[in-house]
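Participant: Assemble the complex: chain E is given as a structure, and chains C, D and F must be docked to it using the hints.
Residue numbers (the numbering used here), protein chains in the order written: chain E, 70 to 485; chain C, 70 to 485; chain D, 70 to 485; chain F, 70 to 485.
Don't take each hint at face value.
[Stated by the list, open to error] Listed below are the simulated EDC-like cross-link pairs for lysine to aspartate or glutamate, each with C-alpha atoms no more than 20 Å apart in a straight line:
#, chain 1, residue 1, chain 2, residue 2
1, F, K369, D, D270
2, F, K324, F, D313
3, E, K227, F, D149
4, D, K369, F, D422
5, F, K369, D, E436
6, F, K227, E, D149
7, F, K369, F, E436
8, F, K227, E, E164
9, C, K369, E, E436
10, E, K369, C, D270
11, C, K369, E, D270
12, D, K227, C, D149
13, F, K227, F, D104
14, F, K369, D, D422
15, C, K324, C, D313
16, C, K369, C, D484
17, C, K227, D, E115
18, D, K369, F, D270
19, C, K227, D, D145
20, C, K369, E, D145
21, E, K369, C, E436
22, C, K324, C, D300
23, E, K324, E, E308
24, F, K227, E, D145
25, F, K324, F, D335
26, C, K227, D, D149
27, E, K227, F, D145
28, F, K227, E, E115
29, D, K369, F, E436
30, E, K369, E, D484
31, E, K369, C, D422
32, D, K227, C, E164
33, D, K227, C, D145
34, F, K369, F, D300
35, E, K227, F, E164
36, D, K227, C, E115
37, C, K227, D, D196
Simulated from the structure, these hints should not be mistaken for lab results.
Below are the chains, spelled out letter by letter.
Protein chains: 4
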Amino acid sequence: MSDWQFALRTRRATELGRAYMRVRALSEALARPLDVEDQCVQSMPEASPVKWHLAHSTWFFEAVVLRRRFGYRPYDRRYDALFNSYYLSLGTSIERAARGLITRPAVPEILAYRRHVDRAVAAVLDDPEYAHLVELGIHHEQQHQELILTDVKHAFSKNPLLPAYCPAAPAVAETAPLLQWSEHEGGLCEIGHDGRGFSFDNERPRHIHMVRPFRLASRLVTCGEYRDFIDDGGYVRHEFWLADGWDLAQREGWKAPLYWMSPRGDRAFTLHGVRPLNPSEPVVHVSFYEAAAYATWAGKRLPTEFEWEVAAGDLPVAGRFLDPDALFAKPAPAGLRAQMFGDAWEWTRSSYDPYPGFRPFRGVAAEYNGKFMIGQMVLRGGSCATPPGHLRRTYRNFFPPSARWQFSGIRLAEDL
Amino acid sequence: MSDWQFALRTRRATELGRAYMRVRALSEALARPLDVEDQCVQSMPEASPVKWHLAHSTWFFEAVVLRRRFGYRPYDRRYDALFNSYYLSLGTSIERAARGLITRPAVPEILAYRRHVDRAVAAVLDDPEYAHLVELGIHHEQQHQELILTDVKHAFSKNPLLPAYCPAAPAVAETAPLLQWSEHEGGLCEIGHDGRGFSFDNERPRHIHMVRPFRLASRLVTCGEYRDFIDDGGYVRHEFWLADGWDLAQREGWKAPLYWMSPRGDRAFTLHGVRPLNPSEPVVHVSFYEAAAYATWAGKRLPTEFEWEVAAGDLPVAGRFLDPDALFAKPAPAGLRAQMFGDAWEWTRSSYDPYPGFRPFRGVAAEYNGKFMIGQMVLRGGSCATPPGHLRRTYRNFFPPSARWQFSGIRLAEDL
Amino acid sequence: MSDWQFALRTRRATELGRAYMRVRALSEALARPLDVEDQCVQSMPEASPVKWHLAHSTWFFEAVVLRRRFGYRPYDRRYDALFNSYYLSLGTSIERAARGLITRPAVPEILAYRRHVDRAVAAVLDDPEYAHLVELGIHHEQQHQELILTDVKHAFSKNPLLPAYCPAAPAVAETAPLLQWSEHEGGLCEIGHDGRGFSFDNERPRHIHMVRPFRLASRLVTCGEYRDFIDDGGYVRHEFWLADGWDLAQREGWKAPLYWMSPRGDRAFTLHGVRPLNPSEPVVHVSFYEAAAYATWAGKRLPTEFEWEVAAGDLPVAGRFLDPDALFAKPAPAGLRAQMFGDAWEWTRSSYDPYPGFRPFRGVAAEYNGKFMIGQMVLRGGSCATPPGHLRRTYRNFFPPSARWQFSGIRLAEDL
Amino acid sequence: MSDWQFALRTRRATELGRAYMRVRALSEALARPLDVEDQCVQSMPEASPVKWHLAHSTWFFEAVVLRRRFGYRPYDRRYDALFNSYYLSLGTSIERAARGLITRPAVPEILAYRRHVDRAVAAVLDDPEYAHLVELGIHHEQQHQELILTDVKHAFSKNPLLPAYCPAAPAVAETAPLLQWSEHEGGLCEIGHDGRGFSFDNERPRHIHMVRPFRLASRLVTCGEYRDFIDDGGYVRHEFWLADGWDLAQREGWKAPLYWMSPRGDRAFTLHGVRPLNPSEPVVHVSFYEAAAYATWAGKRLPTEFEWEVAAGDLPVAGRFLDPDALFAKPAPAGLRAQMFGDAWEWTRSSYDPYPGFRPFRGVAAEYNGKFMIGQMVLRGGSCATPPGHLRRTYRNFFPPSARWQFSGIRLAEDL
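For reference, chain E alone in the conformation it holds in the complex (with noise of 0.2 Å):
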């Protein structure tokens, strides 16, 4: 190795070790501001406990990297029963809905499982056969982080006495921008990951896809715009809703996104407690099916995954991202092409599928996004829960069609 192959292995381990600390730190303080007993409750299957959140990110790493490792000593060869999330591969667990039953090991305990594998990938950080997947690793725990707020917010809500995580922000007077619409010309379009940098195996290969001309809104929908779908018949009246979405908001009496207090849209829970909505702010907590029957009513539809990428461009990935200092706290917005990051993920008009070529990952890896392209549909663009360093233009988070406990939100397009 020459030197200057060493000095930029060098850099590029320091680089990584600083990314793996900061990132395993603010794991660790998303959990501080909560009881003990916070961290243990399970609200649905759906849902984590927050101790396993914190358990699973790190198992994630002894799973994927130190295992491969000639003399590591698992911390504890029980937990793979424990914290092994869904790699068959690696045996079976105790089943998702059961999370919540693990009172032990104790919350010291977990953060002293946290620190043994800390020390461990702190050994192979210079090793560059290890190097992608302590980057994998980082990218795996990001997503954790905002689960572990996503999952906390349900959980709070399901108790009568409607706790706050953090105390609440100073309130922002927030106008919501106007709506206008960016037009694009569509055309073929590369979609996808380039190679250069990391990304998940789902966002890859970069294809050519033919995109016909559109229209994509300057911003989300916002709470005022959806309360006023509400006041229209918006959960009453069936025209506007796919089959089972309708069935399911019957099912289980939707009224209003979920959190709101009442249809009326005054006030919500929130992390910072129950506070009043700004009709400016945009509406998050819905599913794709309220997304889709929105988007009918207002005489529009979502957007394709692919015409979100195409607009996104090469707009900076910048936005109202999880701040944990100040969470939730940041001025709007502006401009032709708004909160396209963060603020909410945004519903798209396609289902998960793979791309043209796909290949899953590698090795245990390969359970982590292609046994799951069914049932689901794409969003696009990050939320205000996700990470800062996170996202990626071409980035495909997933959910199904009912799931209304991410901060979802609604961006409307239409055909030019």
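Facilitator: Just chains C, D and F now, kept in the frame of chain E:
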């Protein structure tokens, strides 16, 4: 109106009338081998009783065609509550799972209902205003003809006596041709219906799609090949499966395609009762999950619906479709693109999303297709239970990935 | 055998034969007003299709009587899998909820099955070894006659057309007699069957029970009285209800007895279709939960089964039982102990526990009663759907406290 | 008030105060070995979190005692919505299955709540008006002490780590005494509480019951004996089982008592973690269904609750009850009526019906027992988890026949 115009219109009305009569007669012919009780039973919420199919397809002509006509007197206004399937704009009806409780009206009454509507439709055949709607009703009834057969098969399979719908056809000593691969260079391809003749709204509009080079198997996967998959652990090795499919297969204890009497694949329940399986015949009654798992096991993949349509090209729409006189008893097909039409619906790796620029039918029929464009996969090509004359190259059938009771099979593809 | 013995035996055989013929004929008479489809439908797991009742009561003679006979050839060995209800010692059968799927054998085939068994039973009537078992089979079939009526009623109630089983009887201008109270001093009372004539095992052995002094209402609770309960918040005030009953009533939205068209109690669905309710007629189709809640509201209680039996004393077993020629159309009863027999089964405040010293029937019939002695309440006295000649003073009927589809009503009691 | 009366009243208040303190302290002592997370978890709807038990038993004193007092300020009015179990007259509360979501108030807050209520109760101890209600609250809290142990055991059994609640007791080399039979001539027997000292309403009124001569086993069924039942096909031969029990056992795959690690009965999960089973110790954690099936297999039966009470006669209420200092580690009992008290609750063949003349408590406590008198079986005698001083000869415990997570065992009986 000129003489020429009048002649044309008369000829069209005559043709439409003939098609109407032929299709209506076939529905009743399909019910004829059945006891009255066989026509009333519903074996699962997804299936419907035969007499319900006979009445609903009749009600559809009333709802979509005849009601528009001044002075039409409905046969019985209470039938809306019995025979409306899912047209919410026409009111709600008995819940889907309860269709088997409709013992009254009895079968003779339903046949009288059919006669009443036949007479009324005859009177509008030469009115061009109604022609397209009558045509829609005809194609709609054809769809229910296929369901009559699949639903009877399912109901009979639940009776320990395993009755036969019709006597066994003379055995055809069929041998599967060698599996070959047709190559397609892809590129910018026209997808969707061109507007000449009838089509459903979901096949439109015609649009350009970018298709990468691919190979398509020359025939369907056979029972013998599928048995190799089973023998190699197809139903016990998770690595071939999508996560949802694996969970469902475990939960329901799948070990072979629906209706196989054992994983050995030597005998299956059919519309002729239990009979030996020919290893050369196409495997049917597999879910999308099984089709996708098989493809992964085989080192291939399922084609997209775009690839399928491109490959079908200008092949004549001919194959082993429903032949009431010689059900499922025809010589084997041959050639590089055998069984593209008929034999078995082919699961594609395409979610049932709207085409760019999709617009639903207008009026009542707006609820025909669009509202189901979520949570389903596209199937192409028709089956041995599809009535002749019903299919098109651009025809998009759709079912949830879990559905097994249709004549659904597998054709493999791979990147070139 | 002496001439006298022979004559006695012959006379008994003749009587048994007549009873057999009469009961078998009644079952078929009850099916006669029904279309074939009506006989095949099953509207809930607890109910069975009419043709299943016709076949099962026939199979019972085969299983309990004829199989014991050397050389008897079963009509069709596969019928065990269709028409065995719950006799696990004779193998398992189609699951209870799937009886409605038995479209084959068709009704004519089942009638042929009945003839086959009738001939075989005729041949054993004069053999004393079989007499008791034939008698058991007769009483068993009578139980299914009542179920034929209650199950048809339930199935018809689910059809939006609300068909009538038989034409409305001429209205009887019935007036409920004044509610009076018969007093009973209790003490050490003999309970259970004395062994003379037929009885089920669950009525035995006769034993002494200590009964405290009590009063019993002179008649059943009427629809008018029950409506007062509703008007006073009967279905919205939890304080009258047992906890399980309250939960069930909330979950299922009970607001009135089953089959009432509204809580006003002016019209109800009956075997004659929808007809006005006479406030003087006994309320029927209430669960034990409703009966107990009514009693609490009224400041009374339900009688125990012991009190009921003591009060019945030596009353002749006469009342408004099933009369196929004049269903439910007889003059009102009178007296201090009116309606003790017939009209409506009376819920008692006695769980269906075994009597002290209880021994089940021997052989196959061991599964007849004993294994159901858990989770059920005792009802006494028979109903308007109980065939004449079936009931006894010691007769113990039993249903889960949630059951509403039987002709079950309320008689009040109180401590003296 | 005379000096004598005052002295008596003061002595009673002092005794009551001591009992109160002792019982309240024991509840907290039982929680002490647990992590905070262990106290928050709910492993099934029938179980509750430990912290909920601590809060609910405190809330009960507020609701039943303190609220009656002018000027009492509730600790937090919102606690009604969290800690009311089922007293509908005090409003509705969080649904039973969601008690595990109450992460807030945290454990220290609940302990502060306990202190607040303790102070307020102390102030009313010498007021005779409240004495009975305080006594009721004490007995109520004792019932929840037993549930704390059974619910923790269930929750820990669901954690793959199988944690121990407390370290294993020193092994007691226990040998089961020979099974003998005590004979009882029965006759007219007094049943129920005589009114001296505390009792629940369900033990009253005392009344005469006719009991036939019977024999009762001298001790509980042991694990070794129960294993013989298993080895002889206990869980695969339907003929021993009640129908509902058989269905449930099949559906849930029962093969041995709850917590046995295998049908061999060599190891079981206990509050000390997994440990070897002594064949001589009583079998526990069997449902009524299993108890009844065992008795049938053994050619015996379960005793009625009347027989049990008669047999208990004037035995001192002594046995192996809860001893927090030496949990489950005491010498074996001996004699003809061993283990009547303590060791394991004994399933009886008596449904939980009201005694003749039963009247519920007045006021809020009316909902204590009466509304649960349906669908449950009576258990007698207390268990190793019942706090000392809680039991009486006339004590009626009750659970659904399916319940297995209590320390419930089997004593045999037979007719004499």
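Participant: Against each hint, give a clear statement of whether it holds in the structure.
Facilitator: Against the structure, the hints:
1. K369(F) to D270(D): It holds: about 18 Å lies between the C-alpha atoms, which stays within 20 Å.
2. K324(F) to D313(F): Within the cut-off at roughly 16 Å; holds.
3. K227(E) to D149(F): This hinted pair holds, its Cα atoms lying about 16 Å apart.
4. K369(D) to D422(F): holds, 16 Å
5. K369(F) to E436(D): Given that 20 Å is the threshold and the Cα spacing comes to 18 Å, the pair holds.
6. K227(F) to D149(E): Distance of about 16 Å is within 20 Å: holds.
7. K369(F) to E436(F): It is violated: about 36 Å lies between the C-alpha atoms, which goes past 20 Å.
8. K227(F) to E164(E): Holds, at roughly 11 Å.
9. K369(C) to E436(E): holds, 18 Å
10. K369(E) to D270(C): holds, 18 Å
11. K369(C) to D270(E): Holds. K369(C) to D270(E) sits at ~18 Å (cutoff 20 Å).
12. K227(D) to D149(C): holds, 16 Å
13. K227(F) to D104(F): Roughly 16 Å between the alpha carbons, so the hint for K227(F) and D104(F) holds.
14. K369(F) to D422(D): Within the cut-off at roughly 16 Å; holds.
15. K324(C) to D313(C): Given pair K324(C), D313(C) holds - Cα atoms ~16 Å apart, limit 20 Å.
16. K369(C) to D484(C): holds, 9 Å
17. K227(C) to E115(D): holds, 19 Å
18. K369(D) to D270(F): Within the cut-off at roughly 18 Å; holds.
19. K227(C) to D145(D): Given pair K227(C), D145(D) holds - Cα atoms ~19 Å apart, limit 20 Å.
20. K369(C) to D145(E): Violated, because 39 Å separates the two Cα atoms, which is more than 20 Å.
21. K369(E) to E436(C): Between K369(E) and E436(C) the Cα gap is close to 18 Å, so the pair holds against 20 Å.
22. K324(C) to D300(C): Roughly 10 Å between the alpha carbons, so the hint for K324(C) and D300(C) holds.
23. K324(E) to E308(E): Distance of about 16 Å is within 20 Å: holds.
24. K227(F) to D145(E): It holds: about 19 Å lies between the C-alpha atoms, which stays within 20 Å.
25. K324(F) to D335(F): Holds: K324(F) and D335(F) sit about 14 Å apart, inside 20 Å.
26. K227(C) to D149(D): holds, 16 Å
27. K227(E) to D145(F): holds, 19 Å
28. K227(F) to E115(E): Holds: K227(F) and E115(E) sit about 19 Å apart, inside 20 Å.
29. K369(D) to E436(F): holds, 18 Å
30. K369(E) to D484(E): holds, 9 Å
31. K369(E) to D422(C): With a Cα-Cα distance of about 16 Å, the restraint between K369(E) and D422(C) holds, given a limit of 20 Å.
32. K227(D) to E164(C): holds, 11 Å
33. K227(D) to D145(C): Holds - the C-alpha atoms of D145(C) and K227(D) are around 19 Å apart, at most 20 Å.
34. K369(F) to D300(F): holds, 18 Å
35. K227(E) to E164(F): holds, 11 Å
36. K227(D) to E115(C): holds, 19 Å
37. K227(C) to D196(D): violated, 40 Å
The structure fails to meet hints 7, 20 and 37 from the earlier list, while all remaining hints are met.
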